[in-house]
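*Asks:* Each chain is listed here by its residues.
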Amino acid sequence: MDDTEIEGALRGFIVETILEGDDAGLDASTPLLEWGVIDSLAMVSLLDFIHRRFAVRIPDAEVLPRNFQTISAIGRLVKRAAQEPGDG
Amino acid sequence: MSVASLVMGAARRTPEAIAVVGPEGAITYGQLDRWAAALAVELAELGVGPGDRVALWQAKSAAAVAAMQAVLRCGACYVPIDPASPRSRARRIIADCSARVVVVDHDDDEPAGESRGGSGDPPRLRVGSEAPASSGAPIEPPALVTVDPEQLAYILYTSGSTGAPKGVCISHRAALAFVRWAHDTLGARPDDRFASHAPFHFDLSVLDLYAAFMAGARVCLVPEGLAYAPARLVEFIREHEISVWYSVPSVLMLMMEHGELLGLQRPPRALLFAGEVFPIKHLRALWERFGATCRLLNLYGPTETNVCTAHEVTHIEPERTTPVPIGEGCGGDEVWAVTAEGRRAEVGETGELWVRGPTVMSGYWGGPPQGERPYATGDVVRVASAGVFEYVARRDHMLKVRGVRMEPGEIEAALLEHPALHQAAVVVSGEGPSARLVAFVVAAEGAAAPSVLALKRHCAQRLPRAMIIDQLRPLAQLPVNANGKVDRRALVERLGEERSHGRH
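Chains A and B supply the protein sequences, listed in that same order.
Each residue of the first sequence is one higher than the one before, starting from 1 at the first, in the numbering used here.
Each residue of the second sequence is one higher than the one before, starting from 1 at the first, in the numbering used here.
These are calculated hints, taken from the structure and not from any lab test.
These figures come from a predicted structure and were not determined experimentally.
Cβ coordinates follow ideal geometry from the N, Cα and C atoms, glycine included.
No false leads were mixed into what you were given.
Facing chain A, from chain B, some residues (calculated, C-beta under 8 Å):
no. : residue
1   : LEU254
2   : LYS456
3   : ARG465
Hey, can you work out the whole structure from these sequences and the hints?
*Replies:* Structure (structure tokens):
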């Protein structure tokens, strides 16, 4: 899975689940936490989505604001987590 | 007695005991005492004296705790500012309270030009993250300031209905009355470990810090980043062997559902919650698992009263479907409900909860003094039995989302600063942790309504993060009621219809 595919899937989730389909202005560098796109509740459903869509479990210790600032940061995190040996 | 004396007393009795565990590690009462004394000298050199206000614009850390103590030692009052708030809001608060000095972190990146924009902009005191060495030249303590108990200890800014944040002024008398009650009710001991979950600009943080200091116990600061990871919050309890936890119910619910809180082998000896209703289904699960070993306390009180009623959950009847009571008056406060006709509500009746007593604020900053006048909470309660109250609803439009109280008026005022908007009304959809802020907007003539993301960005530049809108509903016009006012009930009903038709 390449970066574009991961970012595309994350974008799709955010648009559909959080922004109710209104994707105007959303790109890979939109500050998701700062603009309140992702709060602690949205985080729970995002982590669940990542688990279902990519078969990747984000370790609790990686659930840090800096890993969720933007779609590209989340994309990098997903890629990193996918490479770690783990329960998948 | 002043609030400052709590740390001083513990430092005299047990200088080697751990006082604060922060992101940079642990410091003892002796270190905290010396740090506070050193900062008090620096503040005094910048001209801070009795009656002044000092804004604390710092990350949550031991350094911020030391700064609070330093301000109190000068006889001044501190004003904690949400570090995640936009700068414009922070500056508005700094200006409103006419702060003498603003304390910032040493690595603060506030552009120098911006901070010195106005002629009245107060000087900044930069504070390092490391406590001063525990040995070395003794610090000359500033001349002991005697504090009148009615003098202010701190000001907490909350959302204001007119669009400007308003400062709730808490005196030493009010803070100590509340802290003494919390300390005694918990039977706080030197070996207790308090978690400090709430940010310092929230009133919940007062209990964590000062009940711990009164007992000479340690307080462990929950790092801000953990808010997104319920499992790590539970790990925090385990790792620090937390004995007293205090947060909004939403956080406990997230920890139960996504952090396996109920799997803790050694839970805290007391779990306290306040700030919103704890849905009975979830509270019951908590009580069934921990009720036998852990005290569960439901506290209630607007920031204006600290905490004014409390209810210990010792039992939940199997047939109970409504939330547990908020309880009876505490901290020496007298509480009663006033009916629509203006008389005291009897058992079974509902009315607005009024409070009078030692924990009540001195007034709003810049407003008339509260004096002996009772404070009308704006919360409608039912008298469950003599002196025991159950929460029913808000009387006004105040909202609770993400555990934060907010006035729709403040959000609407921020939204209307957007040139493409003509009208805006903000209501809440959903409850508890899933509550969402929905903005109904009418575009300005000839303009298209902005996207939800554009308005989130717009809000993020003006409001605390919890007050950023979640969803947007552009309308051709807002519904009005018979009085010509925006019909918020109709807007809430519209959202209910949406949900029943499957849109989320």
